[in-house]
Every structure is written in structure tokens, then in C-alpha cells.
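Working from the sequences, and respecting the hints, build out all of it.
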Amino acid sequence: MSALQHKVLVVDDDPVVGKSFNRVLSQKGYVVVTAENAQEALSKVQEGEYDVVFTDIKMPGMSGIELAERLKVERPWTPVVIVTGFGSAANQERAKAAGVSSFLEKPLSPEMIEGSLRQALLEAVPAVVPGLVEAAHPEPVEEESHLKKVALFVAAPFIGLLYAVMLPFVGLGMLAYLGVKALKKNATATKVISLVAAPFIGLAFIVTLPFVGTAMLAWLGVRALIKKTQVE
Amino acid sequence: MQKLYINPLPVRIWHWTNAVGFILLIATGLQIRYLDLIQLVPFRTAVVAHNWVGFVLIANFFLWLGFYLFTDKIKVYHPELSPTKYFRASFRQMQYYGYGIFRGDPNPHHVSVYHKFNALQSMTYQIIMMLVVPVQFFTGVLLWDVTRFAAMVEMFGGVRVVDTVHVLFFIFFTGFIFIHPYLASLSHTPWAHFKAMITGYEEVEDEAPKKGAASN
Numbered sequence: 004m005s006a007l008q009h010k011v012l013v014v015d016d017d018p019v020v021g022k023s024f025n026r027v028l029s030q031k032g033y034v035v036v037t038a039e040n041a042q043e044a045l046s047k048v049q050e051g052e053y054d055v056v057f058t059d060i061k062m063p064g065m066s067g068i069e070l071a072e073r074l075k076v077e078r079p080w081t082p083v084v085i086v087t088g089f090g091s092a093a094n095q096e097r098a099k100a101a102g103v104s105s106f107l108e109k110p111l112s113p114e115m116i117e118g119s120l121r122q123a124l125l126e127a128v129p130a131v132v133p134g135l136v137e138a139a140h141p142e143p144v145e146e147e148s149h150l151k152k153v154a155l156f157v158a159a160p161f162i163g164l165l166y167a168v169m170l171p172f173v174g175l176g177m178l179a180y181l182g183v184k185a186l187k188k189n190a191t192a193t194k195v196i197s198l199v200a201a202p203f204i205g206l207a208f209i210v211t212l213p214f215v216g217t218a219m220l221a222w223l224g225v226r227a228l229i230k231k232t233q234v235e
Numbered sequence: 023m024q025k026l027y028i029n030p031l032p033v034r035i036w037h038w039t040n041a042v043g044f045i046l047l048i049a050t051g052l053q054i055r056y057l058d059l060i061q062l063v064p065f066r067t068a069v070v071a072h073n074w075v076g077f078v079l080i081a082n083f084f085l086w087l088g089f090y091l092f093t094d095k096i097k098v099y100h101p102e103l104s105p106t107k108y109f110r111a112s113f114r115q116m117q118y119y120g121y122g123i124f125r126g127d128p129n130p131h132h133v134s135v136y137h138k139f140n141a142l143q144s145m146t147y148q149i150i151m152m153l154v155v156p157v158q159f160f161t162g163v164l165l166w167d168v169t170r171f172a173a174m175v176e177m178f179g180g181v182r183v184v185d186t187v188h189v190l191f192f193i194f195f196t197g198f199i200f201i202h203p204y205l206a207s208l209s210h211t212p213w214a215h216f217k218a219m220i221t222g223y224e225e226v227e228d229e230a231p232k233k234g235a236a237s238n
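Chains as they are written, first to last, in our numbering: chain A, 4 to 235; chain B, 23 to 238.
Careful: at least some of the hints might be erroneous.
Claimed, not checked - Lysine-lysine pairs mimicking DSS-like chemistry, simulated, CA-CA at most 30 Å apart:
| hint | chain 1 | residue 1 | chain 2 | residue 2 |
| --- | --- | --- | --- | --- |
| 1 | B | Lys217 | B | Lys95 |
| 2 | A | Lys47 | B | Lys107 |
| 3 | A | Lys47 | B | Lys95 |
| 4 | A | Lys151 | A | Lys47 |
Unchecked claim - Quick partial rundown of chain A residues pointing at chain B, CB under 10 Å, derived from the structure:
| hint | residue |
| --- | --- |
| 5 | Lys10 |
| 6 | Ile162 |
| 7 | Leu164 |
Just so you know, the hints here were simulated from the structure itself, not pulled from any lab data.
If you're wondering where the values come from, they're calculated on a predicted model, not measured in any experiment.
Don't be surprised by glycine CBs; every beta carbon is placed ideally from N, CA and C.
See the structure below:
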């Protein structure tokens, strides 16, 4: 597999570290993406697949160890390398338990960066079968059958069409939800909304009332009939 | 600037043949449909050219289909099976196209060999390539020889129905031929995506090596 196809995520609140990785690895044909905290890293991982994740331990918010744990739960096939200047035994133990590939201690040299990446990729070979990572498959050892790939290919336009139909409704629903959530924070707005919504809610009750009443009467009638049949 | 080999040769041949072919089909189709308004070439020539270009594009479609069916690049057209992931990515992309791009925000979609399309493109191309284009070719073949395919044309509700579907999709493709180059110009440079469809290599914009980075 060419280095060009490998994508590396570097998570460190110090941008110099990300730049160092970029400088060393991009020359070798790797694609380096950086994140300044764990939250940003998680959202980047959600958006695209990475072959290796390097993370610092001490970061504002979620620590690198927590990030590694999250990644190992969500994407167990992605190798995670911890980069730190604070390699305490407790941290190392916790990281190992989470399935972290290796520890890289600062200060870093270009050889260390490239060496650890190569090692992580080598370790990941049984798990990182090309394409499985892309498909985010939880059982990476088995390659997808060609039949399954073709089936997905054939199903794609129909799923796409379904998404296209649903997209405006989901979008409007989300907008409405966000709008209501924002307005709920404002007491005056809540009162105004209640006032505006009141006649519509009342109308909805009036419209549904006869149906609910009829349904209840029908239900009571059916229940009485059943009871009468059972007594006879 | 990183370069990823995103567009293999068969895809590039298919793409540019398709581009030229669709422009010719639109031009000749316009003349056939609006004979009173447009007379670029004699009517008969327009019909013959429309038919021939149509058949070339049908063959070209099978080149595209064969390439994707028999290589691992088939994954490029695989659907996102998680609606949550799909909708989240779509709304991020919409926000980028509608707002972020004007502020210079980075594109939320990161191109990779098997994920060359963002969520919106993925949905659009799945529908276009596997539903709209085949239907357009199919209705085109039916209209090419209405007598030969009379039974089938009748089955679909007659010439008027088949023709309406063909013309509606023709209008859609005419719109697409304008929108597509505009969207293709929204890379880090206006020509980057065009270049990628010629060389095969896509430039990945936000992973460029930065000068002055420390090596520790």
C-alpha cells in the first residue's frame, strides 16, 4: 500500500507538534490532519477514516487517554499512539488496557515519528485491510464479499433517493427543534409561544375529541360484548 | 500540497466523453424539441447526431459500470448506511456551501481514495448514475425506434409519457451541466478539480507541509 493512501490524525493542543508531524510525514507521502483537542479529533474521525491517530495526553477538556479509550471502543481497528512528555506508569497502564499501540516520548525526532507510524501501520496490518477501514466495518479481518459490494452498489440509488426525500423533513425538524430549544431559554418567548400555540392546541383537541370519544365508546362496546359472550 | 490518486484513467475517459456527449445531446435535443426556435443544423442531421451520440454514451456508461463493478473502487458509490452519520455530514456540507465557504472555512469533507464524494455528492451521483442516467438512456432508446418498441412504449403509457420523462430528465441534465462546473470550481483554486479530472491526482488542500515547523 502506498504511503499516499495513509491518513494520519495528530491531536495536540500545541500546534508545533502537529506542524512537526506534517513536515516529517507529508514529505514521505502521508496525509496529515491535525486537531487541537480531543473533541475536534472525535468529530474529524466521525467525518473520515484515519489509518493512525497520534494523541497528546495533556490537553484542555478530554485527555489523550480518554480519547484513546473512546477511539478504541468506536474504531478498534484504528491504531492509536500516545505522544507525551508525561509518561507516568499509571497512564501507560491505562493506555495499554485501552489497546493503545505504543508510547512516543517527547522530544520527538523525525525518525521517531516515522518509525512509530510505520510500526503502528505494521501492527495494524491484520486489522487494517484496505477498504474495510473505509467501510468502517467492525470485523476487519474478513474482506467484504464481491456480492455484498455489488448489492450495496445496486441499493445505493434507492437509499440515496430515500435520504433525498427525508433530507428536507429532517432539516426542518432539526431547525424547529433548535428554534424551540433556543426559545425555551427565554421566559418571555416561552410565554408568547404558549399564547400563540394555545388556540392551535385547543383546535387540535376539538378536532381529535370526537374521534377519541368514538374510539373509546367503540372500545367499551366491544369489551362489553366480549364479556357478555363469555358469560353466555 | 498532498496529492491523492482519486480519478483512475477509465473514470477520466468516461467523464470527459460524457461531458462532450451530454453537451452534444443537449444541443441536438434542444433543436429537436424546439425546432421553431433553434435551427443550428438541419433537423435530420440533429436527429441522426442525437441518436449516434446517445449510443456512444450508452457504451460509455457501460465502461463506467464495468470499471466500478469489477474493481474495489465500487466502494466510492456505496451508500452511508447510518442515517445519523449521513444527515450530519449532509447538513455540515450544506452549511459549508451556504455559509462557511464564503468565510473561508475548511471543507468539512476530507477526500480519500474511497470517499471522494461528500455526503451530498454521494447521494446525488448515486441517484444520477444508477437511476436517472439509465432511465434517460432507456427512454431515449424507446424513442429512437418507436415502431420497433411499440409494445413497450404502450406498456409505459404511450409516446407522450415516455417523451415527457425523457424531456424532464433532459431539463434536469441541462441544469446539471451548468451547476456541475460551478461546484467543481469550489476547490482551493478554481481549476483544482478540473486538473484532478485530467491528471487523476486530487490536491488535498489543508494538509500542506508548513514551513518553519519544529522537528522535535
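Hints and how they fare:
no.	hint	in the structure
1	Lys217(B) <-> Lys95(B)	holds, 20 Å
2	Lys47(A) <-> Lys107(B)	holds, 12 Å
3	Lys47(A) <-> Lys95(B)	holds, 23 Å
4	Lys151(A) <-> Lys47(A)	holds, 28 Å
5	Lys10	holds, 6 Å
6	Ile162	holds, 4 Å
7	Leu164	holds, 6 Å
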